[in-house]
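Each chain, written out:
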Amino acid sequence: MAKPLIYTGADQYQPPEEQWEPLRIFPYMPAGDLRDAVNLAIFLERPLLIKGEPGSGKTRLAEAVAYEFAQKYGRVGPQPDDDPEDLRLGWPLYFWSVKSTSQAQDGLYLYDAVGRLRDVQMKIKQPISHYIHYGALGKAFRRTDVRPIVLIDEIDKADIDFPNDLLIEIEDRHFTVTEMDHEEIEATQKPIIFITSNDEKALPDAFLRRCLFFYISFPEPEQLQEIINRRFPQRNKTLVNRAITQFLTLRDEMVEEKGRAGKKVSTSELIDWVKALHRNLAVDGNGPAGWEELSREKRMALFEQAEPDEKLMLDQVLALLDGELPFLSVLLKDWDDYEAYLRRLEVKANQRE
Amino acid sequence: MSELPLQALFDRLRVAGLPLGIDEYELLLQALQAGYGFDGRAGLRNLCQILWTKSEDEVTILNYHFDAFFAPPATAPATGEAEEAPGPDEAAVDTRPAGAGEGPAAPVNGERERRPAGGAGDEGERQPTGETGRRRALAAERPAAQVPQAVVQLDEAAARATRLAGRGGDEAPSGRYRFSADYLPITRRQMKQSWRALRRNIREGPPVELDVEATVRRFARDGMLYELVLRPRRINRAGLVLLVDREGSMVPFHGLAQRLVDTAARGGRLGRADTYYFQNWPGAFLYGDPFFNEGERLGRVLANLHPTQTSVLIFSDAGAARGRFNVTRVQETRDFLARLRRTVRNVAWLNPMPPARWPDSSAATIARLVPMFETGRRGMSDAIGVLRGRVVPGREPG
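Each protein sequence line maps, in turn, to chains A and B.
Throughout, this note's numbering is defined as the position within the first sequence, counted from one, plus 1424.
Throughout, this note's numbering is defined as the position within the second sequence, counted from one, plus 11.
Since the hints were derived computationally from the structure, they do not count as laboratory data.
Just so it is clear, CB atoms sit at the ideal spot from N, CA and C, and this is done for glycine as well.
The reader is advised that the hints may include incorrect statements.
[What the hints assert, rightly or not] Pairs of lysine to aspartate or glutamate residues, derived as EDC-like cross-links and limited to a Cα-Cα distance of at most 16 Å, are as follows:
1) A:Lys1661 to A:Asp1676
2) A:Lys1625 to A:Asp1577
3) A:Lys1475 to A:Asp1577
4) A:Lys1772 to A:Glu1748
5) A:Lys1757 to A:Asp1696
6) A:Lys1687 to A:Asp1577
7) B:Lys65 to A:Asp1629
8) A:Lys1722 to A:Asp1708
9) B:Lys65 to A:Glu1624
10) A:Lys1523 to A:Asp1623
11) A:Lys1682 to A:Glu1763
12) A:Lys1772 to A:Asp1676
13) B:Lys65 to A:Asp1580
14) B:Lys65 to A:Asp1623
15) A:Lys1475 to B:Asp273
16) A:Lys1625 to A:Asp1585
17) A:Lys1523 to A:Asp1580
18) A:Lys1625 to B:Glu215
19) A:Lys1475 to B:Glu67
20) A:Lys1625 to B:Asp273
[Said to hold, decoys possible] The following residues of chain B were derived to be distant from chain A, with all beta-carbon distances above 10 Å:
21) Ala42
22) Lys65
23) Leu239
24) Gly294
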């Protein structure tokens, strides 16, 4: 095998800002132990099962690894089976988004029997391989130049037998295409397989045994700061820090109220929220006319629906961050959460009086 | 005895219930050989977590044992209580009569002895602490036969002290207790798998699936294919009615009952699954909710059941929990079953109490009226076999 692949998450391999939107790739700050887990999975040639709260960056990890490899080891061109999307980051990343109806076979290949029947009728002659459409694992196994990355996203959405049906293919890295005279497809480049799960269904033991496991925990405050600073380098530092503080308070309250298991505000929601707060922040000017006379409700409404010419000044936004938070709908997705939040606000207001 | 790195920790985790095999151990060796896990104790712990755990709960177990296993070096630098910690430990060793080890410590002696060789990753860290040196010196003074024991007891005591000292931190409480919902005799997954066996597949609905055979036949007959032959999809029409006993002696089994209800309703892939509740024995009314608010006449419930597609599973202790024989219970149950069987062919009973507790209670008599099984993996699949129409050996079909 060629030189070993190592994932570092280092600064020089983070995507520059101009690539964020077009490539849909953003800086990714892995904790040290997550980096080790990725490298172990690559080295030991085992799938890495990643769990964590929703919004903790489980899916983003595979993209970050693919991007870094393209930067470090050189971009790789497509192979005949590939879609442009597979090479979006310059390194083969085969994304398999599992649905509740997904079957293990979907990941290997699909045979277009009806298409073939139609062509036979029309007297069109095509080799049988024309009717074989490879799935994420199929494409990865057929790749010959570099070790591709496969992301099996949200494996727990599928039926409970789904993971078991994949066992042999993942372990032995080969499968048979029955329609092509039982042709064997065997991986020459061992794919790097990431599997994410939201714990909606328990995974079978036999499957777990073959995976390495990592739980992405919520980042420490400093790490969170780093993530946000990376993501919004040009944004106003005062506002960002205030937002993070308020966010962490909210999260702590939710943890206290709902315990470890409930849905809490996550990193990805913080990112959206910081984005929303900045959308209506003016660089200069005085803010909307007659601001001083407005009630808090009016100010909030104005901020949340600001037109381009009536953006708020930093002080005005910071003032709104006391009390009920603006753009709450970005953070709280559940009516119960919202109610609990209002209750806490009231308690706090009473305490102050 | 061979000296394998971290084998004692590995054994300890196996005893603690982590599903580890030789394969997992080899993974660790491979990783160590490749240079992983050598960046201090945290790195080694992280390595073990990645390789040996599969869930958050298992991470907690591993952390607990890992910390206990490597406890001595932690006392000195980390908590700053080096002065206090050894005090009671030494006292503990000195006052202990030679050879009369404490129960829990004794069995691990052999493994503990090998530990210094095992701690490949933390060796560097361990050496410089004066404390360990002192310990070793202390151990060396003892007669040879007692050395390992003394070390063990020191370690155990120190580990205990560290854990107590660390209690103030916010990590400690979460690692101390672990809430596990899986002490029940049958897991959620096993239940789902059992429900899957309850199938009555019928082709029904709009024709959407390609009928290859019929298409080929038509192709052969006409010489040209004008139209594909489609047929309806197979769907599971198996209906299930769960009758769940609530309150009274069934209170301890509410969790188990809820799991049955949940798995049948979701993930069981049943055509239809309805649940009704009753107390002690099903009578003229069944209830649609566990709090007995939505009563429904038995006649109405029965009228809605499909005679061949629906089967009925009763979940109740049948009086076995209290172990009494109750004539009314038996008679009422007999009447109910007779009435039920006029409508539905397949009826089975799951009893949360083990069969050993059935004799001399109403359960034994009721078990003669209806196939009754223990609530476990085996019992549940047998019960579902009955629901599918299998005849229980030695019993007349219902």
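Outcome of the hint check:
A hinted pair counts as satisfied when its Cα atoms are at most 16 Å apart, and Lys1661 (chain A) with Asp1676 (chain A) does not qualify at roughly 22 Å. Among the hinted pairs, Lys1625 (chain A) with Asp1577 (chain A) is consistent with the structure: their alpha-carbon atoms are about 14 Å apart, no more than 16 Å. Between Lys1475 (chain A) and Asp1577 (chain A), the direct Cα distance comes to roughly 11 Å. Compliance with the 16 Å bound is thereby established for this hinted pair. For a cut-off of 16 Å, the pair hint linking Lys1772 (chain A) to Glu1748 (chain A) stands: about 11 Å separates their Cα positions.
Of the supplied pair hints, the one linking Lys1757 (chain A) and Asp1696 (chain A) holds, its CA atoms being roughly 13 Å apart against a limit of 16 Å. For the proposed pair Lys1687 (chain A) and Asp1577 (chain A), the alpha carbon gap of about 19 Å is over 16 Å, so the pair is violated. Our distance criterion of 16 Å between C-alpha atoms is met by Lys65 (chain B) and Asp1629 (chain A), whose separation comes to about 9 Å. Our distance criterion of 16 Å between C-alpha atoms is broken by Lys1722 (chain A) and Asp1708 (chain A), whose separation comes to about 21 Å.
Restraint check for Lys65 (chain B) and Glu1624 (chain A): the C-alpha separation of about 15 Å stays at or below 16 Å, so the hint holds. The suggested pairing of Lys1523 (chain A) with Asp1623 (chain A) holds, with an alpha-carbon distance near 14 Å, which does not exceed 16 Å. Of the supplied pair hints, the one linking Lys1682 (chain A) and Glu1763 (chain A) holds, its CA atoms being roughly 13 Å apart against a limit of 16 Å. With a C-alpha separation of about 15 Å, the suggested pairing of Lys1772 (chain A) with Asp1676 (chain A) holds against the 16 Å cut-off.
Note on Lys65 (chain B) and Asp1580 (chain A): the hinted pairing holds, with a Cα-Cα distance of about 14 Å set against a maximum of 16 Å. Restraint check for Lys65 (chain B) and Asp1623 (chain A): satisfied, since their Cα atoms lie roughly 12 Å apart, inside the 16 Å limit. Proximity of Lys1475 (chain A) to Asp273 (chain B) is assessed by CA-CA distance (about 24 Å); at most 16 Å being required, the pair is judged violated. At most 16 Å may separate the alpha-carbon atoms for a hinted pair to count; Lys1625 (chain A) and Asp1585 (chain A) meet this at roughly 11 Å.
Our distance criterion of 16 Å between C-alpha atoms is met by Lys1523 (chain A) and Asp1580 (chain A), whose separation comes to about 9 Å. Distance restraint check for Lys1625 (chain A) and Glu215 (chain B): the Cα-Cα separation of roughly 29 Å exceeds the 16 Å cut-off, and the hinted pair is therefore not satisfied. Pair hint Lys1475 (chain A) plus Glu67 (chain B) holds up; C-alpha atoms about 9 Å apart against a cutoff of 16 Å. A threshold of 16 Å between alpha carbons decides the hint, and for Lys1625 (chain A) with Asp273 (chain B) the separation of about 13 Å falls inside it, so the pair holds.
Not every Cβ of chain A is farther than 10 Å from the Cβ of Ala42 (chain B); the closest lies at roughly 6 Å, contradicting the non-interface assignment. At roughly 4 Å, the least C-beta separation between Lys65 (chain B) and chain A is not larger than 10 Å, which violates its mark as non-interface. Listed as outside the interface, Leu239 (chain B) is inconsistent with that label: its C-beta sits roughly 8 Å from the nearest C-beta of chain A, within the 10 Å cut-off. Separation of Gly294 (chain B) from chain A is adequate, the least Cβ-Cβ distance of about 37 Å exceeding the 10 Å criterion.
In this structure, the hints that do not hold are numbers 1, 6, 8, 15, 18, 21, 22 and 23, in rising order.
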